[in-house]
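Q: Sequence:
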Amino acid sequence: MDIDLALKEKQPAPLTAESTPNVKRDFERWDRSNRMSLMIMKHSIPKAFRGIESEEITQYKGQGNVRESIIEMFHTASRLKVLKIKLSEEFFVLMVLASLPVQFNQFKISYNCQKGKWTLNKLISHCVQEEERLKRDKSKSAHLTNAPKDKGKKRK
Numbered sequence: 001m002d003i004d005l006a007l008k009e010k011q012p013a014p015l016t017a018e019s020t021p022n023v024k025r026d027f028e029r030w031d032r033s034n035r036m037s038l039m040i041m042k043h044s045i046p047k048a049f050r051g052i053e054s055e056e057i058t059q060y061k062g063q064g065n066v067r068e069s070i071i072e073m074f075h076t077a078s079r080l081k082v083l084k085i086k087l088s089e090e091f092f093v094l095m096v097l098a099s100l101p102v103q104f105n106q107f108k109i110s111y112n113c114q115k116g117k118w119t120l121n122k123l124i125s126h127c128v129q130e131e132e133r134l135k136r137d138k139s140k141s142a143h144l145t146n147a148p149k150d151k152g153k154k155r156k
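To convert, note that position 101 of the sequence shown is 101 in the UniProt record's numbering; the numbers rise steadily by one, no gaps.
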């Protein structure tokens with residue numbers, strides 16, 4: 001059985017009514033291989049990470065509290081200890097900075113210009129201050145559109 005067939009070959013074209021028996025056989029072999037490969041991959045994920053949506057945890061969307069988002073990321077990273085993978089605090093700080101949205105770009109630049117590195121607690125406090133500054137500086141805008149009142153009439 002070719003378990004890795006789906007990893008080596010591209011997905012064949014979908015079956016049609018005119019498909020030959022050889023094409024049907026090849027498609028079924030590839031489909032079975034694909035399902036087996038996915039099943040093996042799913043079962044190889046440690047239980048500590050099952051059910052985690054990585055995009056939700058590794059990206060701060062700018063909504064909610066930045067402190068809670070960083071703590072959630074730290075909690076997820078602490079699960080790596082189950083796999084005996086240790087992340088240094090400096091690496092984790094850089095990972096958090098990379099997860100911040102574009103509104104925090106000036107904040108990231110100021111961090112990179114400093115000689116000293118921040119601890120996790122210092123990063124959280126600075127991020128909260130930056131979040132408050134962004135909320136305070138956020139301007140409200142409205143867009144105005146103007147349409148002529150005499151629709152359909154020609155001007156002379």
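Don't read these hints as lab results, they were simulated from the structure.
A portion of the hints provided could be inaccurate.
[As the list claims (entries may be wrong)] No more than 25 angstroms apart at the CA atoms, straight line, and that leaves these computed lysine to any residue pairs for SDA-like: (1) K135 with E72; (2) K86 with V102; (3) K86 with N121; (4) K86 with Q103; (5) K42 with E68; (6) K108 with K84; (7) K108 with T119; (8) K108 with K47; (9) K122 with L87; (10) K86 with S44; (11) K47 with K24; (12) K8 with P21; (13) K115 with L94; (14) K81 with Q103; (15) K10 with P21; (16) K10 with K47; (17) K108 with M73; (18) K108 with N121; (19) K138 with K115; (20) K115 with R67; (21) K42 with A77; (22) K24 with H43; (23) K10 with S44; (24) K138 with E68; (25) K84 with H43; (26) K42 with R67; (27) K84 with I71; (28) K122 with M73; (29) K135 with L94; (30) K108 with S88; (31) K117 with E130; (32) K47 with P21; (33) K122 with L144; (34) K138 with K84; (35) K138 with T119; (36) K138 with K149.
[Stated by the list, open to error] Derived CB-CB ranges, DEER-like: (37) S78 with P21: 47 to 57 angstroms; (38) K47 with D2: 26 to 36 angstroms; (39) Q106 with T76: 37 to 47 angstroms.
Think of the CB as a built atom: it goes at the ideal place given N, C-alpha and C, for glycine as much as any other residue.
Q: Does K10 pair with K47 here, judged by a C-alpha cut-off of 25 angstroms?
A: violated, 30 angstroms
Q: Taking only the CA atoms, is the gap from K84 to I71 under or equal to 25 angstroms?
A: holds, 20 angstroms
Q: Compare the distance between the alpha carbons of K108 and K47 with 25 angstroms, and conclude whether the hinted pair is satisfied.
A: violated, 34 angstroms
Q: Do the Cβ positions of S78 and P21 conform to the proposed distance bound of 47 to 57 angstroms?
A: Holds - the Cβ-Cβ distance for S78 and P21, about 54 angstroms, lies within 47 to 57 angstroms.
Q: Within a Cα-Cα threshold of 25 angstroms, do K115 and L94 meet the stated pairing?
A: Within the cut-off at roughly 14 angstroms; holds.
Q: Does T119 sit within 25 angstroms of K108, going by the straight-line distance between their CA atoms?
A: holds, 15 angstroms
Q: Compare the distance between the alpha carbons of K42 and R67 with 25 angstroms, and conclude whether the hinted pair is satisfied.
A: With Cα atoms ~31 angstroms apart, K42 and R67 exceed 25 angstroms; violated.
Q: CA of K138 to CA of K84, is that 25 angstroms or under?
A: violated, 43 angstroms
Q: For K138 and K115, compute the direct alpha-carbon distance and say whether it is at most 25 angstroms.
A: Between K138 and K115 the Cα gap is close to 30 angstroms, so the pair fails against 25 angstroms, i.e. violated.
Q: Straight-line Cα separation of K108 and N121 no greater than 25 angstroms?
A: Holds, at roughly 16 angstroms.
Q: Need the status of pair K122, L87: alpha-carbon distance at most 25 angstroms?
A: It holds: about 18 angstroms lies between the C-alpha atoms, which stays within 25 angstroms.
Q: Holds or violated: K138 with K149, Cα cutoff 25 angstroms?
A: violated, 35 angstroms
When the structure is compared with the earlier hints, violations turn up for hints 2, 4, 5, 6, 8, 11, 14, 16, 19, 22, 26, 32, 33, 34, 35, 36, 39 and for no others.
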